[in-house]
Structure formats: structure tokens, C-alpha cells
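If you read the sequences in order, they're chains A and B.
If you're matching positions, the first sequence starts at 0 in numbering that gives the first Met the number 0 and goes up one per residue.
If you're matching positions, the second sequence starts at 0 in numbering that gives the first Met the number 0 and goes up one per residue.
Rather than coming from a laboratory, the hints here were simulated on the basis of the structure.
Using N, Cα and C, we set each Cβ at its ideal position, and we do this for glycine too.
Accuracy of the hints is not assured; some may be wrong.
Chain A regions said to be covered by chain B (calculated; three or more residues, Cβ under 8 Å) [to be verified]: (1) 111-124; (2) 162-170; (3) 173-179; (4) 182-196.
Okay, here's what each chain looks like letter by letter:
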Amino acid sequence: MGINWSSALKGIWVPVAVLVVWELVVRLGAVNPQILPAPSAVLIKWYQYLLPYEPYEQFQGSYLRWFFSGELIRDLLASLYRVVVGFLIGAVLALPLGLLMGASPRIYDYLNPVVQVLRPIPPIAFIPLAILWFGLGDPPAVFLISLGAFFPVLMNTIVGVRAVDNIYIRAAQNLGANSRVMFIKVILPAAMPYILSGVRIGIGTGFICMIVAEMIAVNNGLGYRILEAREYFWSDKIIAGMFTIGLLGLAIDTGVSRLNDYLLRWHRGLE
Amino acid sequence: MSAEQIEIEHVHKVFRGDGQDVIALRDIDFKISQGQFVCLLGPSGCGKSTLLNAIAGFSLATQGEIRVEGKPVRQPGPDRGMVFQEYALFPWMTVAENITFGLKIRKEDPRKMEGKLNSLLKMLKLTDFRDRFPKDLSGGMRQRVAIARVLALDSPIMLMDEPFGALDALTRRSLQDELLKIWSEFKKTIVFVTHSIEESIYLSDRIIVMTYRPGTVKRDVHVDLPRPRNPAATDFNDLKREISQLVMEEQNRFESAQLKGTTGD
Numbered sequence: 000m001g002i003n004w005s006s007a008l009k010g011i012w013v014p015v016a017v018l019v020v021w022e023l024v025v026r027l028g029a030v031n032p033q034i035l036p037a038p039s040a041v042l043i044k045w046y047q048y049l050l051p052y053e054p055y056e057q058f059q060g061s062y063l064r065w066f067f068s069g070e071l072i073r074d075l076l077a078s079l080y081r082v083v084v085g086f087l088i089g090a091v092l093a094l095p096l097g098l099l100m101g102a103s104p105r106i107y108d109y110l111n112p113v114v115q116v117l118r119p120i121p122p123i124a125f126i127p128l129a130i131l132w133f134g135l136g137d138p139p140a141v142f143l144i145s146l147g148a149f150f151p152v153l154m155n156t157i158v159g160v161r162a163v164d165n166i167y168i169r170a171a172q173n174l175g176a177n178s179r180v181m182f183i184k185v186i187l188p189a190a191m192p193y194i195l196s197g198v199r200i201g202i203g204t205g206f207i208c209m210i211v212a213e214m215i216a217v218n219n220g221l222g223y224r225i226l227e228a229r230e231y232f233w234s235d236k237i238i239a240g241m242f243t244i245g246l247l248g249l250a251i252d253t254g255v256s257r258l259n260d261y262l263l264r265w266h267r268g269l270e
Numbered sequence: 000m001s002a003e004q005i006e007i008e009h010v011h012k013v014f015r016g017d018g019q020d021v022i023a024l025r026d027i028d029f030k031i032s033q034g035q036f037v038c039l040l041g042p043s044g045c046g047k048s049t050l051l052n053a054i055a056g057f058s059l060a061t062q063g064e065i066r067v068e069g070k071p072v073r074q075p076g077p078d079r080g081m082v083f084q085e086y087a088l089f090p091w092m093t094v095a096e097n098i099t100f101g102l103k104i105r106k107e108d109p110r111k112m113e114g115k116l117n118s119l120l121k122m123l124k125l126t127d128f129r130d131r132f133p134k135d136l137s138g139g140m141r142q143r144v145a146i147a148r149v150l151a152l153d154s155p156i157m158l159m160d161e162p163f164g165a166l167d168a169l170t171r172r173s174l175q176d177e178l179l180k181i182w183s184e185f186k187k188t189i190v191f192v193t194h195s196i197e198e199s200i201y202l203s204d205r206i207i208v209m210t211y212r213p214g215t216v217k218r219d220v221h222v223d224l225p226r227p228r229n230p231a232a233t234d235f236n237d238l239k240r241e242i243s244q245l246v247m248e249e250q251n252r253f254e255s256a257q258l259k260g261t262t263g264d
């Protein structure tokens, strides 16, 4: 795996230009730094946000523990925890249901109308109900994230199972597979490319729900922090928080994509 | 056990269409004895694959009965191993996993399984490809794996649905030779669907020439040429000419049906 330096180098120029222009515009007084802080100010704020309030010298405990007591790191971990737990709950419920609905036309006929009515409701629209049901804190946030992850995984699993080529089913029957082996060793892996693309969409939707839920239902996490910063007019912290959210999103997507590549290493469509 | 291993008795198969039913097979009636190599030969739409699928148990006869070892066929099973034209290897399994899939279902002893796997890999020249996925293999290699997968089951009957149809001529010939070797070594009964006249004469003891829709047995030809057969020999070509004539009659019926748009495809 080599890095393509010439294309990486090309990718640097535009961001550098944007940052320089941005910095100049603020330095020359063209915009109010309270509205749009200079990138250098954002970077300094980001660093302060990263480090704990009390210096290491006054902290009791290891360096690692001190480092992880910083506000940014705690927010990051809180957000990551919510999105992972929420996603797992949503996906773990959606996967077996999707397999059943995909494999059995009868179950599909029973459940599909309910799915079709609930699916178009954006998870965000469940916020009032979520708070009414679960109060404030992690439970409503996790509920919303699960909901966001649930439908993409469900729909893709159904399509994936229905798209399983009949030739595999026949080959497995011919080799003596019973229905349990058929499901686990044939239908599930055959549907895996679809399921994993559902996972990728689901975790993206869950990520959006996580930020929104944090702005409304909890008092930590990256979503909460940037909303809090607005109340103090800390635009530098808002932007620092936004970039952190972006980086977390990128990290999650890269992770899922790696997992995808590993699980689908047998797949033709992969480079 | 009777010598007649596969008994096909007055088999009819009707596919229910939107407008009108298609009679795919009409009154097919013949028997295949143990160890025989039988080709089903005919143009597209003659029902040769339909008949094979009926023997395999994938889609049952509408009327009549097929018995294997005296027992009526009700469902697919490992006693009738199938090799498909599209290979039908599981792409998410390695070569070794594909070959042992049927054995694992049967919960065969791991040590015995390993031994069997190794000898099959060796016999079909797949040893170096043991841990590869099917996507990394050529068409010929894939079909070797598919054959190994069926051989692993020790099924007395091998059903083959145009298994070499998608291969180039040279690969095809070498796989045909390997199949003949396997057939004589393991004393399998083979039912082999093809539309290649030469392939059918090269391989089989007996050629069932089928008519275009409805599929019936047009001629049951016993091939008595000594093995190994030489496709350039005079007697080979005499037989080829004779069978060509039979098949081309049906091909012409198929083509005129195509022109009239009555193929239903």
C-alpha cells in the first residue's frame, strides 16, 4: 500500500489557500473575529479544549489518565460511546428481522406496511416522544441513534437476502444443507455486500442523530459542547468542535470501510 | 439394488405461464443403469436442463415419476451431486472450504476430511489454490473445484448441466479427459447435459437426443466407439453426421419458433 505523493500534494493546495485567505480576512479586520475567528485562533482553542484544565503537575495519577481527563477527549469518548452503542442496538435488532423478512414472503407481508409507515419518519422527529418516554440523558440519545441505524440496516438486509442468487441455494441444497446451515453459511454471506452497505449508511445516520440528540437531551458530548459554546459566544470553540465532529465521522467511516474490505475480501467488485 | 439406477417413468413437466402453459417435457421414459455415461443432447428449449433438474430434485415432474435407486425423487440431495454451468461455487469460501462444505454438513471426521480434501486437490491439480477465493480462479479452475466439491460427497451419481459450456476449446478438452478419468476410476453414473454434438460423442456411452418443445426423446443412441475416442476418426465423424442431422432438425424447429416469437422466453 503506497501513498500516492503527487496526488496527496495536489490535495494540499486548496486547503492551504483557503486557510491563508481566511486568516488574512480576519487579520485585516474584514470580519468580526467573534463571528468568524481566524484559523489560528481556532487551532489554539482546539488545543486548550484538548488539554485538561489543571496542568499535569497538579494532577494525581498517570499521564494517560491526565490526558484523558481533558474536556475534548471526554466529549469525544462520550459521543463515540453513544453512537457505537446506539448503532449496535439498532443493527442487532434490524439484522435478524431483515433476514426473516427477506427470506419469508409471509413475514414480509405482515411487517412491511408497518415498516413503510415508520421508515419515512426522520429519527429526529422522534425526539419529543423519546424525551417523553426516556427522560433526559443517554437513553433517549441512544434510542434515536438506534432508530437512525435500524432502518438502513433493515432495508438493505431485506434486499440483500432477496437478491441472493438462486444458484447458491440450489448448490447448497444439493450438498445437503438444512435450513440452519443454509441461513448461516449461504444466505447471510451472500447478502453480506448489501448488509454492509446498509451498515455504512446506518452508522452515518446514527452519527447525525447522535449530534442532534446531544444538543437536546444530554449535557456532554461534542454536539452538546458546540451548542454550549454558542451561549458563551465562543465561535472558535464551535468551529474547533465542528472539526472534531468531522474527524470522528471520518474515523468511523474509515473503520467501517476497512471492516467492509476485510469481510468482503472474497468479493469480485473489490479492488 | 437393480442395475437400473435412475428410472424415468412417463415424466411430463408443464410450466404454467401467464397466457398459456408451456409443455417442457412430454412422456419422457427411459432408464439409466449404474455406471453409464449419458448425455442429454438438444437445442435450447428442448427441456434437457429441465429433465436434469427433475432428476436432481430442484423442480419435480408434473406427472410421472423419477426413481433413483428405487426411491422416488422428492427433493435435492447429496446422492445426486450437481455440477452447474455457472460453477455455483460459494464466492465467500476458499477452494478448500468449498470442497469440504458438503462434508462439514455431514459432520465428517476432521482428519478423514483433511485426507479427502488433499487427495481431491491433488487429483484436480488444485493444491496451490487451496486457500484462494473463486474470484481469483479461471473458469476451468472453478469447474475443477465444482467437480471436486461433488466428488467429495462420494455420490454415486453426478449430474452435470453444460459444465464446460463457458470454457475455451482447449480447457474444455482437458476437462473432458479428466472427467473421463474420474468416471472410469470412481465408476460414477453421469448424466451430462450439452448442446455440443462432438462433446456428447466424445464422452458418453449413450446419447439421448431430445426434440424441441415439447421435449421428448427423439432418439436413444448407444455409442459403441472404443475409448479413448478420436474426434478425427471416420467412425466418430459418421456418428457425428448422423446425430447432427437429428439435432439440426430440432434446431430448425427452435429457430422457426423464435421467428414466430413462440419460444416463450
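We went through each hint and held it up to the structure:
no., hint, result
1, 111-124, "violated (count 0)"
2, 162-170, "holds (count 4)"
3, 173-179, "holds (count 5)"
4, 182-196, "holds (count 5)"
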